[in-house]
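2 protein chains.
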Amino acid sequence: MRLQILVASIVAVGISASAAAAPADEPIQVIKPAANINLGLVDLGKKLYFDPRLSKSGFISCNSCHNLSMGGTDNIPTSIGDKWQQGPINSPTVLNSSLNLAQFWDGRAADLKEQAGGPIANPGEMGFSHTLAVQVLETIPGYVREFRQVFGKDKIDIDQVTLAIAEFEKTLVTPNSRFDQWLLGKTDALSENELAGYTLFKESGCVACHNGEAVGGNSFQKMGIVEPYKTKATAGGRADVTGKDADRFNFKVPTLRNVELTYPYFHDGAANTLAEAVDIMGRLQLGKKFTDAENAKIVAFLKTLTGDQPSFALPILPPSSDTTPRPQPFSK
Amino acid sequence: MRLQILVASIVAVGISASAAAAPADEPIQVIKPAANINLGLVDLGKKLYFDPRLSKSGFISCNSCHNLSMGGTDNIPTSIGDKWQQGPINSPTVLNSSLNLAQFWDGRAADLKEQAGGPIANPGEMGFSHTLAVQVLETIPGYVREFRQVFGKDKIDIDQVTLAIAEFEKTLVTPNSRFDQWLLGKTDALSENELAGYTLFKESGCVACHNGEAVGGNSFQKMGIVEPYKTKATAGGRADVTGKDADRFNFKVPTLRNVELTYPYFHDGAANTLAEAVDIMGRLQLGKKFTDAENAKIVAFLKTLTGDQPSFALPILPPSSDTTPRPQPFSK
Numbered sequence: 001m002r003l004q005i006l007v008a009s010i011v012a013v014g015i016s017a018s019a020a021a022a023p024a025d026e027p028i029q030v031i032k033p034a035a036n037i038n039l040g041l042v043d044l045g046k047k048l049y050f051d052p053r054l055s056k057s058g059f060i061s062c063n064s065c066h067n068l069s070m071g072g073t074d075n076i077p078t079s080i081g082d083k084w085q086q087g088p089i090n091s092p093t094v095l096n097s098s099l100n101l102a103q104f105w106d107g108r109a110a111d112l113k114e115q116a117g118g119p120i121a122n123p124g125e126m127g128f129s130h131t132l133a134v135q136v137l138e139t140i141p142g143y144v145r146e147f148r149q150v151f152g153k154d155k156i157d158i159d160q161v162t163l164a165i166a167e168f169e170k171t172l173v174t175p176n177s178r179f180d181q182w183l184l185g186k187t188d189a190l191s192e193n194e195l196a197g198y199t200l201f202k203e204s205g206c207v208a209c210h211n212g213e214a215v216g217g218n219s220f221q222k223m224g225i226v227e228p229y230k231t232k233a234t235a236g237g238r239a240d241v242t243g244k245d246a247d248r249f250n251f252k253v254p255t256l257r258n259v260e261l262t263y264p265y266f267h268d269g270a271a272n273t274l275a276e277a278v279d280i281m282g283r284l285q286l287g288k289k290f291t292d293a294e295n296a297k298i299v300a301f302l303k304t305l306t307g308d309q310p311s312f313a314l315p316i317l318p319p320s321s322d323t324t325p326r327p328q329p330f331s332k
Numbered sequence: 001m002r003l004q005i006l007v008a009s010i011v012a013v014g015i016s017a018s019a020a021a022a023p024a025d026e027p028i029q030v031i032k033p034a035a036n037i038n039l040g041l042v043d044l045g046k047k048l049y050f051d052p053r054l055s056k057s058g059f060i061s062c063n064s065c066h067n068l069s070m071g072g073t074d075n076i077p078t079s080i081g082d083k084w085q086q087g088p089i090n091s092p093t094v095l096n097s098s099l100n101l102a103q104f105w106d107g108r109a110a111d112l113k114e115q116a117g118g119p120i121a122n123p124g125e126m127g128f129s130h131t132l133a134v135q136v137l138e139t140i141p142g143y144v145r146e147f148r149q150v151f152g153k154d155k156i157d158i159d160q161v162t163l164a165i166a167e168f169e170k171t172l173v174t175p176n177s178r179f180d181q182w183l184l185g186k187t188d189a190l191s192e193n194e195l196a197g198y199t200l201f202k203e204s205g206c207v208a209c210h211n212g213e214a215v216g217g218n219s220f221q222k223m224g225i226v227e228p229y230k231t232k233a234t235a236g237g238r239a240d241v242t243g244k245d246a247d248r249f250n251f252k253v254p255t256l257r258n259v260e261l262t263y264p265y266f267h268d269g270a271a272n273t274l275a276e277a278v279d280i281m282g283r284l285q286l287g288k289k290f291t292d293a294e295n296a297k298i299v300a301f302l303k304t305l306t307g308d309q310p311s312f313a314l315p316i317l318p319p320s321s322d323t324t325p326r327p328q329p330f331s332k
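For the record, the sequence lines run as chains A and B.
Mapping the first sequence onto the UniProt record's numbering, position 29 (from 1) lands on 29, and the numbers just tick up by one.
Mapping the second sequence onto the UniProt record's numbering, position 182 (from 1) lands on 182, and the numbers just tick up by one.
Bear in mind the hints are in silico, worked out from the structure with no lab data behind them.
Predicted model only: the values in this text are computed from it and were never measured.
A hint or two may mislead.
Identical chains share a label here; the pair holds if one copy fits it or two copies do between them.
Stated by the list, open to error - Dumping the calculated DSBU-like pairs for lysine-lysine here, alpha-carbon to alpha-carbon at most 30 Å:
| no. | residue 1 | residue 2 |
| --- | --- | --- |
| 1 | K303 | K155 |
| 2 | K303 | K153 |
| 3 | K47 | K32 |
| 4 | K83 | K230 |
| 5 | K332 | K83 |
| 6 | K232 | K332 |
| 7 | K332 | K230 |
| 8 | K186 | K113 |
| 9 | K244 | K153 |
| 10 | K230 | K32 |
| 11 | K186 | K332 |
| 12 | K186 | K83 |
| 13 | K83 | K47 |
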């Protein structure tokens, strides 16, 4: 009798019985809040993440291209670097990046700490050097004190800088999406249309690559399996790291967490909308032409993956001192 | 008897009796927290302030050049605009800017609302137009809802945009500096050295222009009274607004609130340090060559003007929709 009522009420709210069944064996897992976090490191890393003095110009910070107000991206096809240089590739979101098997589209950095040092010293991005960045920090009394407090050492080095930034980035997970609420048993968290989109997402084969906690980020896959992907971008993908021709156009599968916020899509940022991205993925990766109705269902499902965005007070940066080397925004 | 004890205790903590006397008649007044604030407008204005979609490139927001992590400035001599154009003048701090008699160095905008529209449409700054900015906002469902909630109208216009930004900026006052604590009767809030600096600041004539709640911002004055100021900057100051030759090189006196954070100094950003700025001001405006010891005392006093910095959660921006015009960072 009680079961009858339960089934009736499920039908009444429009959720199919199969969807309400235990989602324990789903290919997508609930995202876990950050754990094992060193809060002193996080506070320091948060300041560094927002500090444009880690760039030659004094204008570009980590947050410029991985903007935490905008899904951890810059929402432009390829990023703007020192002196407005056009970057070669789309800035991937920093949100949930701790879950990636490696960092950058081609996985050339093993982890967040290694990644954090890259843009600082890249002439096309922040245009600085690790030595100069450390020289700047060493002349800022507020940083000197905070590094000493966190690391217990008198000298600042780049490993401390990148370790702190990485620790802050580890906190940038986005739990509590409607999809996760559904995974956790809130059966009315998703609409019938969204659930139909999820079923289609699974049955069409999207989950072969977009699975796990981050709905991606855990493998390298070739961009353009069934049909070649046409792009003006010159990035060779994984082959640039391994030197193997077989790895050409193999890119890290991007996370689909918060994908509603991380437009434009693909490594070249060429797809402006989710509908476009779903259509291209279907045709090029799966040999499947989704109907407009199917496409809309999948897009509706994808929008349920937007989680709680990072919430913290805008960091206040310690001021430079009279001896701090000044930024060089316009020098050659 | 009680008076004797009071005097004795004042002497004991090393504060001179005159300094501890009621500072009610000081030329600098306690800064007041923002009042008469519309919180709905503030929340909306805060998002707009941080939103780079108000620029052509999608990369530059109000916060890029008036960075609230860095004293409401960009800490570079002159700002970086669309396509890395070099600005003609130093970005003044947005902190306490509601107290200015007018906005911009030459006072060409009557108030914060009028100012807020300037950079959006300036080809050398955000490089956009008011029409295009409104077109972008009208296609973002999260903004459409919030504008409707705040203004009770179905259409967004640029007046609403600049009104909201201005309302947020009105909240950016910085009370509770150590100097204000002293003004409010906390006699040990300043050291003897800092108080000596304040006395020197008053007796040397600095207060003639730097006075009131904002320690400046309430008059236009000629840059280079006793000696001409040499600069490569072409800005004509107030004359650019009035067309009168007598107003040439008349600039709005900048606030000295948070001056420790708002380097480099002057309308051309040519003075890197407070010591340099105090020296130049003494010689050019007052015909006074401060000794190193005097200069250091004044600088020590100036650093007591740093107040509580704005404290709020980093705003999360509503995502663009499929129909939102995309930024044009690299187009001609």
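Hints, one by one, checked against the model:
1. K303 / K155: between (46 Å within a copy, 27 Å between copies)
2. K303 / K153: Between copies only: 28 Å across chains, 46 Å inside a chain, cut-off 30 Å.
3. K47 / K32: both (24 Å within a copy, 28 Å between copies)
4. K83 / K230: both (29 Å within a copy, 28 Å between copies)
5. K332 / K83: both (10 Å within a copy, 16 Å between copies)
6. K232 / K332: both (29 Å within a copy, 19 Å between copies)
7. K332 / K230: between (36 Å within a copy, 24 Å between copies)
8. K186 / K113: This pair counts as neither: shortest intra-copy Cα distance 36 Å, inter-copy 46 Å.
9. K244 / K153: neither (43 Å within a copy, 59 Å between copies)
10. K230 / K32: Classified as neither: same-chain Cα gap 36 Å, cross-chain 60 Å, threshold 30 Å.
11. K186 / K332: neither (58 Å within a copy, 50 Å between copies)
12. K186 / K83: Neither way: K186 and K83 sit 49 Å apart in one copy and 48 Å across, limit 30 Å.
13. K83 / K47: This pair counts as both: shortest intra-copy Cα distance 23 Å, inter-copy 27 Å.
The structure shown violates the earlier hints numbered 8, 9, 10, 11, 12.
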